[in-house]
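Undergrad: Residues per chain, in single letters:
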Amino acid sequence: MTALAANVMQFARILRRAGLAVGPGKVIAALEALQAINIADREVVFYALHAVLVERHAQSELFRLAFERFWRANSGAAQTLSLEDAAKPELKNPLAKPLIRRIDEAFALRRPKGESELPDEMPDTIASWSAAERLRTQDFESMSAGEMAEAKRLMATLHLPIPDVLTRRYRPSPLGRRVDARATLRAMVRVGGLIALQRKRRIVRHPPLVVLCDISGSMAAYARMLLHFLHAVTNDRDRVHVFLFGTRLTNVTREMAHRDPDEALARVTTSVKDWSGGTRIGQTLGEFNRLWSRRVLGQGALVLLISDGLDRDGGSGLAVEMQRLHRSCRRLIWLNPLLRYAAFEPKSAGIRAMLPHVDDFRPVHNLDSLAALIAALSTPPKAYTAAA
Amino acid sequence: MIPRLLNLSPKSGNSVPDHTPVTLLPASVDDTAALLRRGGYVPDRALSTSLYLALTLKRPLFLEGEAGVGKTEVAKVLASTLGRDLVRLQCYEGLDIATAVYEWNYPRQMMAIRLAEAAGRGHDGALGRDIYSAEYLIQRPLLAALQPHRNGAPVLLIDELDRTDEPFEAFLLEVLSDYQITIPEIGTMRAVEPPIVIVTSNRTREVHDALKRRCLYQWLDYPTAEREREILKARIPQAGDKLSAQVVAFVQMLRGLELFKPPGLAETLDWAQALMVLDASELDRATVEATLGVVLKYQDDISRVRGDITQRGVEQARKFAAQ
Numbered sequence: 001m002t003a004l005a006a007n008v009m010q011f012a013r014i015l016r017r018a019g020l021a022v023g024p025g026k027v028i029a030a031l032e033a034l035q036a037i038n039i040a041d042r043e044v045v046f047y048a049l050h051a052v053l054v055e056r057h058a059q060s061e062l063f064r065l066a067f068e069r070f071w072r073a074n075s076g077a078a079q080t081l082s083l084e085d086a087a088k089p090e091l092k093n094p095l096a097k098p099l100i101r102r103i104d105e106a107f108a109l110r111r112p113k114g115e116s117e118l119p120d121e122m123p124d125t126i127a128s129w130s131a132a133e134r135l136r137t138q139d140f141e142s143m144s145a146g147e148m149a150e151a152k153r154l155m156a157t158l159h160l161p162i163p164d165v166l167t168r169r170y171r172p173s174p175l176g177r178r179v180d181a182r183a184t185l186r187a188m189v190r191v192g193g194l195i196a197l198q199r200k201r202r203i204v205r206h207p208p209l210v211v212l213c214d215i216s217g218s219m220a221a222y223a224r225m226l227l228h229f230l231h232a233v234t235n236d237r238d239r240v241h242v243f244l245f246g247t248r249l250t251n252v253t254r255e256m257a258h259r260d261p262d263e264a265l266a267r268v269t270t271s272v273k274d275w276s277g278g279t280r281i282g283q284t285l286g287e288f289n290r291l292w293s294r295r296v297l298g299q300g301a302l303v304l305l306i307s308d309g310l311d312r313d314g315g316s317g318l319a320v321e322m323q324r325l326h327r328s329c330r331r332l333i334w335l336n337p338l339l340r341y342a343a344f345e346p347k348s349a350g351i352r353a354m355l356p357h358v359d360d361f362r363p364v365h366n367l368d369s370l371a372a373l374i375a376a377l378s379t380p381p382k383a384y385t386a387a388a
Numbered sequence: 001m002i003p004r005l006l007n008l009s010p011k012s013g014n015s016v017p018d019h020t021p022v023t024l025l026p027a028s029v030d031d032t033a034a035l036l037r038r039g040g041y042v043p044d045r046a047l048s049t050s051l052y053l054a055l056t057l058k059r060p061l062f063l064e065g066e067a068g069v070g071k072t073e074v075a076k077v078l079a080s081t082l083g084r085d086l087v088r089l090q091c092y093e094g095l096d097i098a099t100a101v102y103e104w105n106y107p108r109q110m111m112a113i114r115l116a117e118a119a120g121r122g123h124d125g126a127l128g129r130d131i132y133s134a135e136y137l138i139q140r141p142l143l144a145a146l147q148p149h150r151n152g153a154p155v156l157l158i159d160e161l162d163r164t165d166e167p168f169e170a171f172l173l174e175v176l177s178d179y180q181i182t183i184p185e186i187g188t189m190r191a192v193e194p195p196i197v198i199v200t201s202n203r204t205r206e207v208h209d210a211l212k213r214r215c216l217y218q219w220l221d222y223p224t225a226e227r228e229r230e231i232l233k234a235r236i237p238q239a240g241d242k243l244s245a246q247v248v249a250f251v252q253m254l255r256g257l258e259l260f261k262p263p264g265l266a267e268t269l270d271w272a273q274a275l276m277v278l279d280a281s282e283l284d285r286a287t288v289e290a291t292l293g294v295v296l297k298y299q300d301d302i303s304r305v306r307g308d309i310t311q312r313g314v315e316q317a318r319k320f321a322a323q
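Chains as they are written, first to last, in the numbering used here: chain R, 1 to 388; chain L, 1 to 323.
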């Protein structure tokens, strides 16, 4: 094996440890790519390996850091790759400091331990972001087998108040309206002679679901239960995206997709940095609108917003962002667990700003269990209007 | 099943005439960049590298990026500079095999059965084989792209893949990894010469990893000011240096504003064109405000930019262009 091949394999191992999906197929492709180019040109080597090994834009920065570190350290072995810049790799984005940690771990030949690895003090750039923001991590007790079975049973009863959507795909069905010409002809050739027309009907399926869940201090009491709900719903149907927000927005869809609820929650708790802090609903919704709405609200998505509507920013800019969100999705459902009294009056500025822009408002008076949550979501919508 | 080489009934008259010069594939990264430049496309180093690799390693190239950064254009320019046919598949939700790959010609099959009956031939195995032959197959873009083309393998553009749903993506896996298509009634068909495949996505949803894994991945970003000026010069040379520099400076300013939809490169080109039509030789506040709709496509964004921001942007752009 050549030194280059050994180096590429070593590099691939490091990337794998840092969390990129780099299988043997990719290693072979990377070697092929390096054979096709002039490997004395460091820039071209970088882009070539990038094209082969990176699969999504979000991985680019991680790859860049790993590349710079690795090909500097190993420049003795791979003589063809020059080492002009011996400087430390610089972060283009100061908020990407956790990446450095991942790279460190990957190079240190040890597996990341998962939770409890978070440093107590965060970099200054983040901590000084806002006085209202408190960064903390959260531990949830693990879920018992009984609870898991119960959650599964309850999920089967979840029936979001929105009809399934017709897709433009068909499946054979004797009651279908359309004639399935292909199936008919095949049947004719098979039996030899005329047969009844074969029919097909449209396939129906759930629309995509996007959940925006508030995890600020006022919602802390529900956090564990909500996360279990989100985990159950993510694993129950396809096309679910989950975002958590307090003072910032975190996409936890990948973390939630883990089958085991405890493992999934452990991953979520390490990736979310603003547990039980303040809420900036307007700002985080704005961030969602700008960065995510076009990516996850396609194909007629349904948005479920779980929040008590208490906003530290006093609702500033909230109405605009709610309106934008409302216009970008098929249906916007707001589930509000704050209300403990039957006579509900929208007093807080945040709530008043949000109410006119939701299709379906679900106040829950006593959200103490998964069962209550699912029941609240599954009841047919009342004719609730903002003025009521 | 043994894959067979695909050679369906020879098509006549629908490919480019014989004399179209066929350009050889580029031999280096710099060659690739030069090739694209000849077609009026100004690539950056990252794109030239991944495109060169895609051509050399015969792998599909997956281009992702915001709307209007020139993803589709790569395929078009590539086809025209290489002198290859361009086979385009525009994706949409519900795109199925019958519109994307192939369809049986049911009326003709029906007719064949009736004729066989009239001629006294009953339904036997021969008829079954007959009506499931290439003669009764209607080719759609994907199957057409695997056919031999007179001037070399075509460029297959699978545009806006994120608009389809997952079932279609799953179907593409076979086409993109092995350049073959399985038709149950006939068998597996493999392209003699694999087409040059460009897949684009606007990222309105995440495309599955299994599909990305088969491709080379390239993220196209908004161009830097310098490259954008170069592109503008290549595409709309009559706009002149001064106006081009001002337009680019203004658009770059807009991209820094955290708008709901920042303008893409396509909007820059449209805008320059629009300003040419209006005989504007440089930016001023009134003209910019009158033409903001060419650059920004959301009312929220337009009302935010109108007024002070426009005023300041115009001043900055002029100052910048004067340097």
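Treat the hints with care, since some could be wrong.
Using C-beta positions, here's what the derived DEER-type ranges look like [as the list claims (entries may be wrong)]:
#, chain 1, residue 1, chain 2, residue 2, range
1, R, Arg330, L, Glu185, 35 to 43 Å
2, L, Ala112, R, Arg254, 35 to 43 Å
3, R, Pro24, L, Ala126, 24 to 32 Å
4, L, Asp308, R, Arg327, 39 to 47 Å
5, R, Ser378, L, Gln299, 31 to 39 Å
6, R, Asp260, L, Tyr92, 53 to 61 Å
7, R, Ala372, L, Gln316, 51 to 59 Å
8, R, Arg254, L, Glu185, 37 to 45 Å
9, L, Glu185, R, His159, 55 to 63 Å
10, L, Ile309, R, Ala108, 22 to 30 Å
11, R, Thr379, L, Glu206, 27 to 35 Å
12, L, Gln316, R, Ile203, 36 to 44 Å
It is worth saying that the hints were derived from the structure and are not from the lab. Heads up, the beta-carbon is just placed ideally off N, CA and C, and yes, glycines get one too.
Undergrad: Now look at each hint and say whether the structure bears it out.
TA: Hint by hint, here is what the structure shows:
For the pair Arg330/R and Glu185/L, the beta carbons lie near 39 Å from each other, so the given range of 35 to 43 Å is met. Hint check: Ala112/L to Arg254/R, Cβ distance near 53 Å, so the stated range 35 to 43 Å is violated. Range check, Pro24/R to Ala126/L: Cβ separation about 48 Å, and the 24 to 32 Å hint is violated. The hinted range of 39 to 47 Å is not satisfied by Asp308/L and Arg327/R, whose Cβ atoms lie roughly 26 Å apart.
Our hint of 31 to 39 Å for Ser378/R and Gln299/L holds, since their Cβ atoms are close to 37 Å apart. For the pair Asp260/R and Tyr92/L, the beta carbons lie near 37 Å from each other, so the given range of 53 to 61 Å is not met. At roughly 56 Å, the beta-carbon separation of Ala372/R and Gln316/L lies within the given 51 to 59 Å, and the hint holds. Between Arg254/R and Glu185/L the beta carbons are some 41 Å apart, a value that agrees with the proposed interval 37 to 45 Å.
In this structure the supplied range 55 to 63 Å is violated for Glu185/L paired with His159/R, their Cβ-Cβ distance being about 41 Å. Ile309/L and Ala108/R have their C-beta atoms about 48 Å apart, which leaves the hinted 22 to 30 Å range violated. In this structure, Thr379/R and Glu206/L meet the distance hint of 27 to 35 Å, their C-beta atoms being roughly 32 Å apart. Judged by the Cβ atoms, the range 36 to 44 Å given for Gln316/L and Ile203/R is violated: they are separated by roughly 54 Å.
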